[in-house]
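Let's have the full structure, built from the sequences with the hints guiding it.
2 protein chains.
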Amino acid sequence: MINASQTPIQIRSTLKLSLVACTFLLIQACSQTTDNNFTETSDFSTSNHLMDRSFTPQWSNSDIGKDMLAVRRASENSLLSYDIVKSLTVEVGPRIPGSKGDKAAVAWAEDKLQSLGFDKVYKQPVRVRNWERGFADARVLAPFEQNLVITALGGSIATPEEGLQAKVLMFDSLNDLQLASNGEVEGNIVFLNTKMQRDRAGKFYGQVVPNRVNGAVEAAKLGAKAVIIRSVGTDNSRFAHTGIMRYNDEVKKIPAGAISTADADILEAMFETLQGSDQEIVLSLNMQAKDAGWQTSYNVIGEFTGSERPEEVVLISAHLDSWDEGTGALDDGAGVGIVTAAAKLVKETLGQPKRTIRVVLYAAEEIGLVGAYQYTRANKDDLPNIIMAAESDFGAGQIYQLDTRFNSAVRNNAEDLYAALAEMGITLGSNDARGGPDVSMLPAQGVPVISLRQDGTYYFDYHHTANDTLDKIKIEDIQQNQSVWAMVTAYMANTNFDPRPAEPLE
Amino acid sequence: MINASQTPIQIRSTLKLSLVACTFLLIQACSQTTDNNFTETSDFSTSNHLMDRSFTPQWSNSDIGKDMLAVRRASENSLLSYDIVKSLTVEVGPRIPGSKGDKAAVAWAEDKLQSLGFDKVYKQPVRVRNWERGFADARVLAPFEQNLVITALGGSIATPEEGLQAKVLMFDSLNDLQLASNGEVEGNIVFLNTKMQRDRAGKFYGQVVPNRVNGAVEAAKLGAKAVIIRSVGTDNSRFAHTGIMRYNDEVKKIPAGAISTADADILEAMFETLQGSDQEIVLSLNMQAKDAGWQTSYNVIGEFTGSERPEEVVLISAHLDSWDEGTGALDDGAGVGIVTAAAKLVKETLGQPKRTIRVVLYAAEEIGLVGAYQYTRANKDDLPNIIMAAESDFGAGQIYQLDTRFNSAVRNNAEDLYAALAEMGITLGSNDARGGPDVSMLPAQGVPVISLRQDGTYYFDYHHTANDTLDKIKIEDIQQNQSVWAMVTAYMANTNFDPRPAEPLE
Numbered sequence: 003m004i005n006a007s008q009t010p011i012q013i014r015s016t017l018k019l020s021l022v023a024c025t026f027l028l029i030q031a032c033s034q035t036t037d038n039n040f041t042e043t044s045d046f047s048t049s050n051h052l053m054d055r056s057f058t059p060q061w062s063n064s065d066i067g068k069d070m071l072a073v074r075r076a077s078e079n080s081l082l083s084y085d086i087v088k089s090l091t092v093e094v095g096p097r098i099p100g101s102k103g104d105k106a107a108v109a110w111a112e113d114k115l116q117s118l119g120f121d122k123v124y125k126q127p128v129r130v131r132n133w134e135r136g137f138a139d140a141r142v143l144a145p146f147e148q149n150l151v152i153t154a155l156g157g158s159i160a161t162p163e164e165g166l167q168a169k170v171l172m173f174d175s176l177n178d179l180q181l182a183s184n185g186e187v188e189g190n191i192v193f194l195n196t197k198m199q200r201d202r203a204g205k206f207y208g209q210v211v212p213n214r215v216n217g218a219v220e221a222a223k224l225g226a227k228a229v230i231i232r233s234v235g236t237d238n239s240r241f242a243h244t245g246i247m248r249y250n251d252e253v254k255k256i257p258a259g260a261i262s263t264a265d266a267d268i269l270e271a272m273f274e275t276l277q278g279s280d281q282e283i284v285l286s287l288n289m290q291a292k293d294a295g296w297q298t299s300y301n302v303i304g305e306f307t308g309s310e311r312p313e314e315v316v317l318i319s320a321h322l323d324s325w326d327e328g329t330g331a332l333d334d335g336a337g338v339g340i341v342t343a344a345a346k347l348v349k350e351t352l353g354q355p356k357r358t359i360r361v362v363l364y365a366a367e368e369i370g371l372v373g374a375y376q377y378t379r380a381n382k383d384d385l386p387n388i389i390m391a392a393e394s395d396f397g398a399g400q401i402y403q404l405d406t407r408f409n410s411a412v413r414n415n416a417e418d419l420y421a422a423l424a425e426m427g428i429t430l431g432s433n434d435a436r437g438g439p440d441v442s443m444l445p446a447q448g449v450p451v452i453s454l455r456q457d458g459t460y461y462f463d464y465h466h467t468a469n470d471t472l473d474k475i476k477i478e479d480i481q482q483n484q485s486v487w488a489m490v491t492a493y494m495a496n497t498n499f500d501p502r503p504a505e506p507l508e
Numbered sequence: 003m004i005n006a007s008q009t010p011i012q013i014r015s016t017l018k019l020s021l022v023a024c025t026f027l028l029i030q031a032c033s034q035t036t037d038n039n040f041t042e043t044s045d046f047s048t049s050n051h052l053m054d055r056s057f058t059p060q061w062s063n064s065d066i067g068k069d070m071l072a073v074r075r076a077s078e079n080s081l082l083s084y085d086i087v088k089s090l091t092v093e094v095g096p097r098i099p100g101s102k103g104d105k106a107a108v109a110w111a112e113d114k115l116q117s118l119g120f121d122k123v124y125k126q127p128v129r130v131r132n133w134e135r136g137f138a139d140a141r142v143l144a145p146f147e148q149n150l151v152i153t154a155l156g157g158s159i160a161t162p163e164e165g166l167q168a169k170v171l172m173f174d175s176l177n178d179l180q181l182a183s184n185g186e187v188e189g190n191i192v193f194l195n196t197k198m199q200r201d202r203a204g205k206f207y208g209q210v211v212p213n214r215v216n217g218a219v220e221a222a223k224l225g226a227k228a229v230i231i232r233s234v235g236t237d238n239s240r241f242a243h244t245g246i247m248r249y250n251d252e253v254k255k256i257p258a259g260a261i262s263t264a265d266a267d268i269l270e271a272m273f274e275t276l277q278g279s280d281q282e283i284v285l286s287l288n289m290q291a292k293d294a295g296w297q298t299s300y301n302v303i304g305e306f307t308g309s310e311r312p313e314e315v316v317l318i319s320a321h322l323d324s325w326d327e328g329t330g331a332l333d334d335g336a337g338v339g340i341v342t343a344a345a346k347l348v349k350e351t352l353g354q355p356k357r358t359i360r361v362v363l364y365a366a367e368e369i370g371l372v373g374a375y376q377y378t379r380a381n382k383d384d385l386p387n388i389i390m391a392a393e394s395d396f397g398a399g400q401i402y403q404l405d406t407r408f409n410s411a412v413r414n415n416a417e418d419l420y421a422a423l424a425e426m427g428i429t430l431g432s433n434d435a436r437g438g439p440d441v442s443m444l445p446a447q448g449v450p451v452i453s454l455r456q457d458g459t460y461y462f463d464y465h466h467t468a469n470d471t472l473d474k475i476k477i478e479d480i481q482q483n484q485s486v487w488a489m490v491t492a493y494m495a496n497t498n499f500d501p502r503p504a505e506p507l508e
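Note that the protein sequences, when read in sequence, are chains P and C.
Take the first sequence: its letters are residues 3 to 508, numbered as in the numbering used here.
Take the second sequence: its letters are residues 3 to 508, numbered as in the numbering used here.
To be clear, the hints were calculated from the coordinates, so they are not data collected in a lab.
Worth double-checking, as some hints may not be accurate.
[What the hints assert, rightly or not] Far from chain C, by Cβ distances over 10 Å, these chain P residues were calculated:
1) 78
2) 116
3) 127
4) 160
5) 314
6) 380
7) 414
8) 448
[As the list claims (entries may be wrong)] Subject to a maximum C-alpha distance of 25 Å in a straight line, what follows is the list of computed SDA-like cross-link-like pairs (lysine to any residue):
9) C:292 x P:143
10) P:102 x C:292
11) C:476 x P:195
12) P:102 x C:143
13) C:292 x P:139
14) C:356 x C:311
15) C:476 x P:201
16) C:105 x P:276
17) P:102 x C:356
18) P:102 x C:274
Beta carbons are placed, not taken as given, at the ideal position from N, Cα and C, and that holds for glycine.
Right, here's the structure in full:
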């Protein structure tokens, strides 16, 4: 647990480690998505066998089958997940860690869990570094005067108060930048213009996000004054996508911002237009972000206590914080709505669960899984009691696949669950799930996790932009998520199925 | 012609008349779109007869048929219209009338027409009132603190320097506002929350745009401090849509802004959440727009002089100005590209046209067709020489219908033209076209016009927003427009077909 007795240096290095881990996990989580096809996993034949059986009514004849069917029916008549994300986004809105909005979100969450009748509602302090965006302004001064839509990357330092001006150099990728020479880059503004492809699983995020996370360090190594990146997003619009970036203590800190994809196109077209001429593109950049110091945020936790095995915990989660320009509807208001509603529906439909259902709404995911690491430290002795952990943090697109990280000796025993999901068109995928960012550190402790893989075709159109608002959530989509999470939660809470320990990470 | 010898009062009243006319035309142009179905027009049987013949090869055997086919083929191998709008949006960008960008656009246009080899390139001064947006900031202060995305409406006055704060009252429509009482509205901020439906012909624009144009006057009549409207747009996003609004000298001027549709949803949801409570929604509004005085802008005109009947003019047009937040790609960079490329392709493919082809790039359309009225006044004696006038000003969506306003006695004589277009899937519509905003005043002078009706399904997602940028234009779409305009221009310039005078306005 990070507490006041830690020195600033300890805290800083913990945060830095978190950021490094976050980056690593983001990249891993994304590269992992290439394995999303069931036919690519080793247990094809076994699972396929289960799939074959999914269309028999058998699963719904068992007690747990009846339970799952009951919560599914209840969910289909419930707008609870939507109502929760609506309440969060309308009554609280943006909630960057440590901000006034974040504190309002914590109060909102406690109140919401209490009003939904959770048996226990409590919060766990998390020290977070508050960063304030301030204004950001970018304009091409020559040879064609134009303003560009820009946003500061999370954690970026400010430019000098009067801004800075320099020639812009465009690179297609971080790799191309790394191949450039000091002489070429020194004193200039680096523009990283890597395009991101659209994909259901969002698998190209991991290829492009290093521009955002590491762009400033790589550009600064070569003496750049600042870095701007093409937004890590699949939209063509003038919304700039923010997101965490990091510095390296060995390398000079330079300001880092993202321009919208439309503005990146404009800048690229300027380079095209000037090809063969010796005219330079001069950019003026002024961003006044600031580090606003330490604040206390909280993981907010609600439980329905198990009636038979209260010490055994089914942990379902989302993160409460968001970036500060949108209202955090998809990222991660949707997750907050989905897991909270799932727990409530199980309790309401089936009564007290046999195992404890714990809803964890993590603090400060966006700035490096800070709340999740704090949870892991503070609950170290309790981790072996977690039967399964999972997070919903990929918007509100429909679920199409269940990945697990279960003890493989028992994995196939959850056949009623797999069959119930198969009937909804959800396939069983691999056994190398990571469970979502905030539970991704748990499998290393032996905690089983699952990933309910969502359709993310449009997720990166809105991700980390001002345009992440409630209107992007389709009721039928979030309701499908709610149903699936409620069924999984019912299964894990009311059966003896015990997939501990998780298979080791490969 | 408005010139320096006019008194400010004369000029102001001319401008006011223009604004009134603009509003009227906007509404008329849109309500007219309900008549877009050929089967609803009176000349069904005749035109249907022509349609039947369109699939015979007959039209392409005539000299003009061969000409049209040749320009169509040339167009299909040309990216000229796209390259022109790219050049305008990248090298100039935003160009609100009278601004530095507008002056750059005039220089760009002269240069572009000259470099394309037009025989004559000249410009016509237009006095315009320059309006500067300044910043705009709206935030809900109570009971839920949130920032709203807002933009000032074109022509709006500023709030007091320190902003203003008041309770918000929501109305579903301008009509509902008009039914409210002074006591209810006085001292408050009016929020007009009318939703706009999506439609291929954009026919719902005319129903909603009065909120924008007249909202301030109607709200001020009841004593409101300010008005904010739900953006006149079909998107769900956080782009606010600007556009011209007007005041009335008899009614107090109050500031007017548009919030994005997503923000309107948030505000509406706040009202829902508070239903039955006595809590008020308090908004803080600060907009620092200003009237920046008179400037000179220009209609920029390029001609290919007729080889046989140089005094007879085929006038094809678009407007050069744009709103100031996007780069004016759809509105109306696309039109500039389409008509300029069409003229050039005709000349390049067929040689000197028989009649003069005149490309007019109007100034200051957005603030009330100011350049178009100026053109009409300055060219009063030449109007009878215009064989046909038309404007492209509805983005880059594909053309699906030709409407005309021709002398009905000869309308059917253009059968080769109709047949050539029919082969491209373009139907012949009504004979009550208005021709586009900047030529809409010409039929009253007997000038024939046509409207090449475009697919505007997505046009109002981007219209008057920062998101109106080049990436919204599909090359195949603008190329189809280019082909059709080139074919129509070739037909009108190289035949004896003479549809003068236009049928009177109904």
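Consistency of the no-contact label for residue 448 of chain P, given chain C and a CB cut of 10 Å: Given a closest Cβ separation of 43 Å, the condition holds.
Separation of residue 78 of chain P from chain C, once the least beta-carbon distance is taken, above 10 Å: 23 Å, holds
Restraint status (C-alpha distance of residue 102 of chain P to residue 143 of chain C at most 25 Å): 13 Å, holds
Hinted pair residue 292 of chain C and residue 139 of chain P, Cα distance within 25 Å: Status holds; Cα separation ~21 Å.
Holds or violated: residue 292 of chain C to residue 143 of chain P, with C-alpha atoms at most 25 Å apart: 24 Å, holds
Interface-negative label, residue 314 of chain P against chain C, beta-carbon threshold 10 Å: About 38 Å separates residue 314 of chain P from the closest Cβ of chain C, which puts it past 10 Å; holds.
Closest CB of chain C to the CB of residue 380 of chain P still more than 10 Å away: Per Cβ check, residue 380 of chain P is outside 10 Å of chain C; nearest 31 Å; holds.
Given hint residue 292 of chain C paired with residue 102 of chain P - CA-CA distance at most 25 Å: Cα-Cα ~33 Å, so violated.
Least C-beta distance between residue 414 of chain P and chain C, which was stated to exceed 10 Å: 44 Å, holds
Given as non-interface: residue 127 of chain P, which should sit over 10 Å from chain C by C-beta: The assertion about residue 127 of chain P holds, with a minimum of 23 Å to chain C.
Agreement of residue 102 of chain P and residue 356 of chain C with the hint, judged by alpha carbon distance not exceeding 25 Å: Violated. Residue 102 of chain P to residue 356 of chain C sits at ~71 Å, over the 25 Å cutoff.
Satisfaction of hint between residue 201 of chain P and residue 476 of chain C, Cα-Cα up to 25 Å: 21 Å, holds
Violation of the numbered hints given earlier is confined to hints 10 and 17; the remaining hints are satisfied by the structure.
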